[in-house]
Amino acid sequence: MTILLFGITKDIVGSPTLSVPTSSVTGRKIPKTVKELKQFLGETYPELNKLSSLAVAVNNTYAEDNETINSYDEIALIPPVSGG
Amino acid sequence: MSSRYIRQTSLKDFGPDRQSKLFEAKVLVVGLGGLGLPVLQYLNAMGVGTLGLMDQDVVELHNLQRQVLYAEKDLGRLKLDVVHEKLKAQNSQTTFKLHDTFLTKENALGVIKEYDLVVDATDNFPTRYLINDSCVILNKPFIYGALHSFEGHVSVFNHQGGPTYRCLYPEMPNAEEIPNCNENGVLGVIPGIIGTLQALEAVKVLTGIGEVLSGKLLLYDGLNQQLSKINFKTNSTNKKITQLQDFYEPVDCDIVPSVSAKTFQSIRESNKVFTLIDVRTNEEFKENHLDEAINIPLSSLDAIEKHIDSNKEVYIICQSGKRSELALKQLRTVHPDLTFYHILGGMNKMMTVCP
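Here the protein sequences come in this chain order: B and U.
Be aware that the first sequence starts at 1, since it is given in our numbering, and climbs by one per residue.
Be aware that the second sequence starts at 1, since it is given in our numbering, and climbs by one per residue.
What the hints contain is simulated information worked out from the structure, not anything from laboratory work.
Each hint should be verified, as a subset may be incorrect.
Derived EDC-like pairs: lysine to aspartate or glutamate, alpha-carbon spacing no greater than 16 angstroms straight-line [to be verified]:
| # | chain 1 | residue 1 | chain 2 | residue 2 |
| --- | --- | --- | --- | --- |
| 1 | B | K50 | U | E313 |
| 2 | U | K233 | B | E64 |
| 3 | U | K204 | U | D17 |
| 4 | B | K50 | U | E171 |
| 5 | U | K204 | U | D81 |
| 6 | U | K86 | U | E72 |
| 7 | U | K233 | B | D65 |
| 8 | U | K312 | U | D100 |
| 9 | U | K272 | U | E313 |
| 10 | U | K97 | U | D81 |
| 11 | U | K233 | B | E67 |
| 12 | U | K229 | B | E74 |
Input sequences plus hints: build the corresponding full structure.
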């Protein structure tokens with residue numbers, strides 16, 4: 001699944017997009033919900049865990065933590081931004 | 001008037017009726033920076049009848065890269081005065097209301113209730129949440145715009161029962177999470193784009209044309225010219241705000257209002273009435289001080305009571321700028337109704353700019 005990164009998440013990951021494997025050969029748990037995805041990404045990029053406020057969109061719609069995600073979904077991480 | 005706006009009144013889907021709606025409208029723009037300026041220039045050009053301007057900063061050199069209404073000769077002047085001057089020249093038919101203040105918990109509801117629409121053109125989270133909560137309480141729509149390096153956000157919140165800022169971001173982020181706006185930077189043209197989009201949404205809300213960005217967050221990425229729209233819904237809890245929070249602490253960009261020594265010197269040379277408090281020790285004060293300064297050492301700040309009144313801005317100075325910042329943080333919690341600034345670089349810097 002493809003993850004589009006905005007704002008500070010782009011800076012943390014160092015790239016505008018991120019690909020998350022949808023089948024695991026290493027036995028690592030594949031995220032099935034928004035919450036699991038956040039945890040999954042937080043393991044690789046611990047800086048993401050510091051974001052208490054982070055909107056996630058699944059297929060261009062705001063998604064709550066318990067929302068399920070599938071391999072073909074397009075996901076976006078949208079942290080708040082404050083500049084003006 | 002008839003020919004002035006003819007290029008838009010001749011539009012079949014705009015027409016003279018919509019033009020009258022613009023003329024009757026009262027719009028408050030909070031923040032006269034990168035976002036606020038394009039919003040104001042277009043709303044003023046297009047004939048919005050009443051524009052409220054709110055800011056208390058002065059024009060600084062590092063503003064010029066993106067705040068394109070300001071010129072080099074405006075450096076050190078109050079943004080409010082410069083913008084007022086230029087907008088008056090641009091459209092003499094507009095009524096301008098000047099708010100020489102920042103938006104605070106104390107003044108927010110009183111100011112915003114006088115307007116039909118608010119434009120959030122601020123640069124910090126506390127003010128954004130304050131605008132959101134005030135607009136929810138007063139049932140006013142507001143146009144949101146925000147920036148991060150090469151990206152921008154635009155949305156219309158609290159419009160005809162639609163979702164609010166808190167429906168996207170329920171709680172204010174902590175200080176450490178999102179980079180300070182001063183540290184992070186923004187490419188000069190990005191606020192021009194985002195602010196212009198905000199102006200367009202304002203016109204749509206005021207006149208009822210098109211499809212307003214309500215329940216939709218527009219994400220603009222300038223590096224690849226990509227626009228995305230994220231749909232989101234109202235969380236009814238966020239519509240039930242009935243009073244402001246006790247605190248909208250500046251978590252991001254900890255805002256300790258300050259002026260440079262140079263700016264303060266120009267304030268001294270103007271006719272502006274102010275109070276200057278020197279928070280150094282009596283000994284230091286005896287060594288040297290500015291003529292108008294009143295000595296109230298940091299350790300006995302309570303003595304400030306009899307020297308201040310709410311009509312005058314209070315400037316605080318020390319030797320290098322550290323104690324004055326500390327003093328300001330203490331004083332503003334005790335006297336939220338007063339406006340405090342501390343002088344960057346303190347007496348050290350002042351000595352270099354005083355004739």
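Hint by hint, here is what the structure shows:
no., hint, result
1, K50(B) <-> E313(U), "violated, 38 angstroms"
2, K233(U) <-> E64(B), "holds, 11 angstroms"
3, K204(U) <-> D17(U), "holds, 13 angstroms"
4, K50(B) <-> E171(U), "holds, 14 angstroms"
5, K204(U) <-> D81(U), "violated, 28 angstroms"
6, K86(U) <-> E72(U), "holds, 14 angstroms"
7, K233(U) <-> D65(B), "holds, 15 angstroms"
8, K312(U) <-> D100(U), "holds, 12 angstroms"
9, K272(U) <-> E313(U), "holds, 9 angstroms"
10, K97(U) <-> D81(U), "holds, 11 angstroms"
11, K233(U) <-> E67(B), "holds, 14 angstroms"
12, K229(U) <-> E74(B), "holds, 13 angstroms"
Violated hints, listed in ascending order, are 1 and 5; each of the other numbered hints is respected by the structure.
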